[in-house]
Amino acid sequence: MKLYEHEAKTILAKSGIPTPTGSLAASPTQAKKVASQLHPPYAVKAQVLVAGRGKAGGILFANSLKEVEKASSKVLNMKIKGLRVGSVLIEEKIRVKKELYFGITIDRSRRCYVAIASTTGGVDIEEVASDKPEKIFKVFIDPTLGFRSYHARQIANKMGYSGKQMLRLAGILEKFYKVATEHDAELIEMNPLIETADGGFVAADARLIIDDNALYRHLQYKERLFSKDKTELTTEEIRAKKAGLAYVQLDGNVGIIGNGAGLVMATLDAVQLYGGKPANFLDVGGGASKQQVVEALNILLTDQQAHVVFINILGGITRCDEVAKGILEVQKEMGFVKPIIIRLVGTNEEEGRRMLTEAGIHVLDSMEEAAKKAVDML
Amino acid sequence: MKLYEHEAKTILAKSGIPTPTGSLAASPTQAKKVASQLHPPYAVKAQVLVAGRGKAGGILFANSLKEVEKASSKVLNMKIKGLRVGSVLIEEKIRVKKELYFGITIDRSRRCYVAIASTTGGVDIEEVASDKPEKIFKVFIDPTLGFRSYHARQIANKMGYSGKQMLRLAGILEKFYKVATEHDAELIEMNPLIETADGGFVAADARLIIDDNALYRHLQYKERLFSKDKTELTTEEIRAKKAGLAYVQLDGNVGIIGNGAGLVMATLDAVQLYGGKPANFLDVGGGASKQQVVEALNILLTDQQAHVVFINILGGITRCDEVAKGILEVQKEMGFVKPIIIRLVGTNEEEGRRMLTEAGIHVLDSMEEAAKKAVDML
Amino acid sequence: MGIIVDRNTRVVVQGITGAQGNFHTRLMLDFGTQIVAGVTPGKGGVKIHGVPVYDTVEEVVLKHRANASIIFVPAPFAADAAHEAMEAGIKVVVVITEHIPIRDSIQIMAHAKQRGVTVIGPNTPGIITPGESKLGIMPAHIFKQGGVGIASRSGTLTYEIAAELTKRGLGQSTCFGLGGDPIVGLNFVDALKMFEKDIQTNAVVLIGEIGGDVEEQAAEYIATMKYPKNVVAFVAGRTAPPGKRMGHAGAIVMGKAGTAESKIAAFRNAGVKVAEKPSDIANFLHVYTPKARKLEGEGTRT
Amino acid sequence: MGIIVDRNTRVVVQGITGAQGNFHTRLMLDFGTQIVAGVTPGKGGVKIHGVPVYDTVEEVVLKHRANASIIFVPAPFAADAAHEAMEAGIKVVVVITEHIPIRDSIQIMAHAKQRGVTVIGPNTPGIITPGESKLGIMPAHIFKQGGVGIASRSGTLTYEIAAELTKRGLGQSTCFGLGGDPIVGLNFVDALKMFEKDIQTNAVVLIGEIGGDVEEQAAEYIATMKYPKNVVAFVAGRTAPPGKRMGHAGAIVMGKAGTAESKIAAFRNAGVKVAEKPSDIANFLHVYTPKARKLEGEGTRT
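Residue numbers (the working numbering), protein chains in the order written: chain A, 1 to 378; chain B, 1001 to 1378; chain C, 2001 to 2302; chain D, 3001 to 3302.
Hints may contain errors.
[Claimed, not checked] Selected chain D positions facing chain B (Cβ under 10 Å, derived; list incomplete):
(1) Thr3156
(2) Tyr3159
(3) Met3225
(4) Pro3228
(5) Lys3229
[What the hints assert, rightly or not] Simulated pairs of lysine-lysine, BS3-like, Cα-Cα distance not exceeding 27 Å:
(6) Lys1164(B) x Lys2063(C)
(7) Lys3244(D) x Lys1081(B)
(8) Lys2091(C) x Lys1138(B)
(9) Lys3193(D) x Lys135(A)
(10) Lys1138(B) x Lys3113(D)
[Unchecked claim] Calculated from the model, a selection of chain A residues having no Cβ within reach of chain C, i.e. all distances over 10 Å:
(11) Arg108
(12) Val294
(13) Met334
Think of the hints as simulated: they come from the structure by calculation, not from any bench.
Ideal Cβ placement from N, Cα and C applies to all residues, glycine included.
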């Protein structure tokens, strides 16, 4: 679960990490009011849950309250990568000496958390990692030891700081790690972490993604899993999530339903191989119920972009008869408004096929054959 | 640092471990008032920081408010192992089905914490361990894993519980471990932990000793290190502690001052070997200052039991001249009210000896010779 | 033969009284897996499909000499179950449970490393050595004993491919799922090493997907070590956009890292045949693994 | 020769800029210890008695190939310093600091075990191999090179005994303090094993005290293994009452456990001579270790 910049910063500030002075505003008038409590110049920052906000014009600067109002009005009317900007963060602009990067994420190969620092901040860290690997410092965190104060000092030291400034930076990194573990962060970043003109450090931007699987330990966030305002999900994605379906909207023309993440991905690939373009990824998971199948089909049938729907089920825990029941219910309730190609094999296959065949629905054996046919129907 | 029973129980109750209903009272009247809020029968328990209170008559039972008043009056007038009883804990008496033991302490050989359980509770666990070792269940706690819920279940299971009762007991043990680590417990016990007539579990008595070296992490307790009411220390022991001296009062006739725990113990042993009886253990530590020597000498000179004082210094970090200065200051300020035997060798030995010799104080070379002489002076 | 599990594997089912645990215990027993006991805290004493249930794994190891565990325990308690199994001396732990927090998985893997335990999963369909033992939730009938080792990051896709191989007469030595999470116990290089030593295995199929770099590592290993057995790969997710999780928590392209293109290129550079579609895998195996056909005849004792 | 430290030991002093660290760095340099660097976070760049100071141990290991550390860091930060040294690859860590919380010490020892690090202390006077290296705070002039190995739970009492031995012509191979805390890195059995292998050592002195059972363990080891070198023991605290800490955190009789009587009896049952008073030790060594006298002649290169 992604948190907004202002939420992440509030968490950092609470744990003692310096952040810019500022506050949230939902309207230009409110933005002006917030700014009136601050010292100019000001930063006006769109609060959206996608990266690349800066390049999209979602961060503006202002020297006067009037400019704040104008900039806020502009940003609040934007859509960034399809997401409406619902609020802006008004802050005092920081006097930058240097922009740094510090983040903690997961290292899959080493099976541990990794702390990553760079003296090149404010840009995409992956680009720095590939272009200037010598500017990246990593500490792989032994889970039995954690990220200790000496790890923080090692990093601060390698970033070129010494004396009290090194200790100050190390102190911030240590607190940051505490925030990361306390929030089950999958990714947490200060980018940029700014060295100010007077030698202090301020987290000028912050990003925090909580491990969805750990949300049961963070109930205050779990509640909003299904709230459109608080996630970057589309209406359909939230609908799917509520139904326990893994759904990702794409921009093709063949709607796809399958069971099992790998199989669904392979189905998308097969459709593309035969010249189609997947409209989505939709995994009903293992042991899907009739109701889940109904919900999955409803989502795709109402998707204007999907001209054909391809259902690819290989039953293991999933029962073919249960899937067939779902398909039949949808046929009865709303009718098929577009062509549907069905491949159905595995557990209770015969019963499922019989039910569908009796209802006049043709069922295929081979996934690849079915994919070809789905593309042919376009 | 030892906590009082009622303090330990408050901590347990806060963490969700069942404890008897009750409250503290400092007078018989207050005890009666407390009891009036409870259901009879009652327990009246002396709050003192020494073990063996039960055998000493410090725990009484009462069936009426009148009996509570009487029992409290009796207990509040007691001294247990030399300590005055300042308050009593008035509780509802628990209906006992079985008395159990559960504690967590340090295993020195294995260098870890150890959880110890027994189905024989309410008695000295060390006696159970030596008499009926089959009644003792231990889990050595791997510091990288901690005491996990399955450890708690293993113990509850071995104690003979199953089903929901096993889970209930395991839940209590898990919470108890959390209390132990959060308080840096050197020893924490529920003894007895009672299985009640209705199948529940209640910590009927609790003991918690915090690692003194970890008190900087528990500042609410650190404050009272030097408070007589809140520790089991004598006035002299507190005085010594304040001066940074390690002092233990004993019941002999030769006062002893030395530097280094092992050397002081060996000095006590030597005095006894030659027929004396040590009046105390007093270690001025490494690198003692003149002021510490003065304080140490003052404590022993005012101790009526100590007829002779034997100072045994082998200077390493400790400087003999500094020790000599302390001795001379005491001589000047209050005079020597009893014989003093001094052995002084090591760092700055010549200077120290010169100072003492010039003041007419004889100094010896050998610790054993000095010990002999100290005993001879009795 | 095969790897990790065989007919001598003595299995404890952790979470045996739950719906999933109960259901799959029956299927595993039907298959012939030696399930010696189950564990559900607080349910000790009952029996499930004739299997005795205990409160702790410690007891099961003592009384039944279990040496492998399969875990169906719900996510919030699954890590604890895995630690319990490892501390009790279990050397193979199959974690079926999905949605285990990453922090918990990291601790499981650190503990496993300390004790030399093989962890499969979390979020895996499990492992099957056809004709010998199955610790998993895969439909058993689509597998048949033979010479192809399969390691996969996906469940259903593995069934798709295994069923096709079986239909085409290509039996399997052992098939297992690494697990769909970002942090799992085994990677493809581990699988390759074990299949290399297994005399029953004469070819290896690696079923990869987007996210992470276990495919790239495998490719490098195959090239560097001049891997002696035939390897065929399939990589799912060529159409996946960056930044979106494709069903599996671990199936995500981060910026330019973890794309199917990168993985396919790595395999091809290492001389590994990459199938465009699942059915190609059997074709490649038939063409490039003549020995595979020989052993199939033996693969019928299932 | 001697054990654990010798003339090739390359030492980093952690907490070198503190009063204790600074003072003892000078004394260790005077003795001839190879101190290659010091560490105090935030003080990197300065020099103490000519020794360069760094911010991290990692740098010191990289630039100066330090292989041992002596820690003078205050108790709240000492555990962190020990972990830093171990993670940086240091294999001998001497923790002078006292008052380290037990919980921290337990973690230090678990980490040390994982990495195969020898920890001396906490709350130890350190270790000295006369004529070669000293990582500690003991007065150097009372020691002399020779054949007696000393392991002790006490500081000043060791000086008392070592000085007496030296005066009587009995030099030492290596002397070290286990540390006065309940949780320390080495015990007497560890010491006996190392002294057994050391050809310079021809007799061992164990200086014990009340609390714990390392003396009993040592006695059992000596009896079971028919320990081939002469061992003399001294146990302090015969007059200590139960339940009271005698200066050292670890010197406490708990109920009937950890008494001097128990330790003395264990040693005597194992055939180990126990000295009634410190001066007896030299007597026992002279009588029972004829070889000891031979080697003394060589012990003058200090």
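Violating hint indices (sorted, rising): 3, 4, 5, 9, 11
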